[in-house]
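So the sequences go chain by chain: A and B. Under this note's numbering, the first residue of the first sequence carries the number 1, and numbering increases by one thereafter. Under this note's numbering, the first residue of the second sequence carries the number 215, and numbering increases by one thereafter.
These aren't lab readings, by the way, just hints derived from the structure by calculation. Among the hints, a few may not be true.
Facing chain A, according to a computed beta carbon distance under 7 Å, are these residues of chain B, among others [as the list claims (entries may be wrong)]:
no., residue
1, Met-215
2, Gln-219
3, Leu-230
4, Gly-232
5, Gly-244
6, Ala-245
7, His-249
8, His-311
9, Arg-316
Cβ pair distances, simulated, as ranges [to be verified]:
no., chain 1, residue 1, chain 2, residue 2, range
10, A, Gln-94, B, Glu-303, 46 to 56 Å
11, B, Thr-267, A, Ser-142, 40 to 50 Å
12, B, Gln-313, A, Asp-159, 31 to 41 Å
13, A, Gly-48, B, Asn-221, 19 to 29 Å
14, A, Glu-76, B, Thr-325, 37 to 47 Å
15, A, Asp-159, B, Gly-288, 16 to 26 Å
16, B, Lys-272, A, Leu-201, 49 to 59 Å
17, B, Asn-251, A, Leu-201, 16 to 26 Å
18, A, Asn-68, B, Gly-232, 18 to 28 Å
19, A, Glu-202, B, Leu-255, 27 to 37 Å
20, B, Asn-251, A, Ile-165, 26 to 36 Å
21, B, Pro-327, A, Ala-162, 32 to 42 Å
22, A, Glu-146, B, Ser-326, 25 to 35 Å
23, B, His-249, A, Glu-146, 43 to 53 Å
We treat Cβ as the ideally placed atom computed from N, Cα and C, and that holds for glycine.
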Amino acid sequence: MNDHLLVIFPHPDDEAFGVSGTIAKHTKKGSPVTYVCLTLGQMGRNMGNPPFATRESLPLIRQKELENACAAVGIEDLRQFGLRDKTIEFEDEQLLADQFLSVIDEVKPATIITFYPGYSVHPDHEATGRAVVRAVKSMAESEQPELLCVAFARNSEEDLGAPHIVTDVSDVFEDKMNCIKAHRSQTQWLVNSVEKDPAMLEWVQKERFWRYPL
Amino acid sequence: MQPIQANDVQNALDQLIGKELYLHLETTNGAYANHNNESVLTVNAYIRNGKVTPLSGKIMGIGPFRVGLKIELGWIYAEGLTHWEIDSEGRLLLAGHDQEGRLAVALQLSTSPFDV
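So that you can see chain A by itself, here it is in the shape it has in the complex (with noise of 0.2 Å):
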């Protein structure tokens, strides 16, 4: 049987909070991952202070992190798209989902993983998953992978219900957090919350995903 895991987001480390230790999981049992990730983060705020970073070497660190991150959970195919931070929405969405499918196409997932359009507060993330959307519904039914979405905006649960899959995974929980600190120009905040507040590490012990409607 297939069991393709794709995951498609538009910044390194998007993948790092939610879905790293499903990632993990995956890779562990010996199933292949394949993460499309479209930009470089290049808009990032994080430089720290004193500043480690500046808007034109951000992406260079980010790319080393993307790859520092992809090693810690076992993914061996990342694909990035070359776009920048910011600017998805403003793509031809069409030419994007036609992207998406031709690596849909090749890798034939069993299941996507993406952003829930309408719940995920970044313009990026909206974009991402919207043109994910589109590409899944082109495809003849039968053909169609699971298609499941983070989705965190405040009204989430109030409007989806709540999570349709949650997936404890304290048993990669080392893998998911060196996957969030390979990040480490973005997430040493979150890294020291998880340290210091039990609720934090409560919620990264759960990664919940709903299943979009197609």
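Take the given structure of chain A and dock chain B to it, following the hints.
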């Protein structure tokens, strides 16, 4: 980057007057500003590779600093600048960081286009 020394930045600006330059100008309070605090408006403005020829340029203030560039038909301006450097490619990078080290404003000038 280094904390801004106004004289050094002024000298760097003086070198760029009259040259055809590529401009990166940005201000942001973060894509999650409103998500984190509903009373705050998420704002961000951004120009990547605007082509400009400054007629004059000045750094003002006692820190954080302001930089204004006069151009043929108008002005370019940034406030809240705290750090600067001339990077390895000879570009003038100015940025304003808050106490947590988050970039809030950037003004950058280069004789060749910035990567996109």
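Hints numbered earlier in the text: which of these fail when held up against the supplied structure? 2, 3, 4, 10, 11, 15, 18, 21, 22, 23
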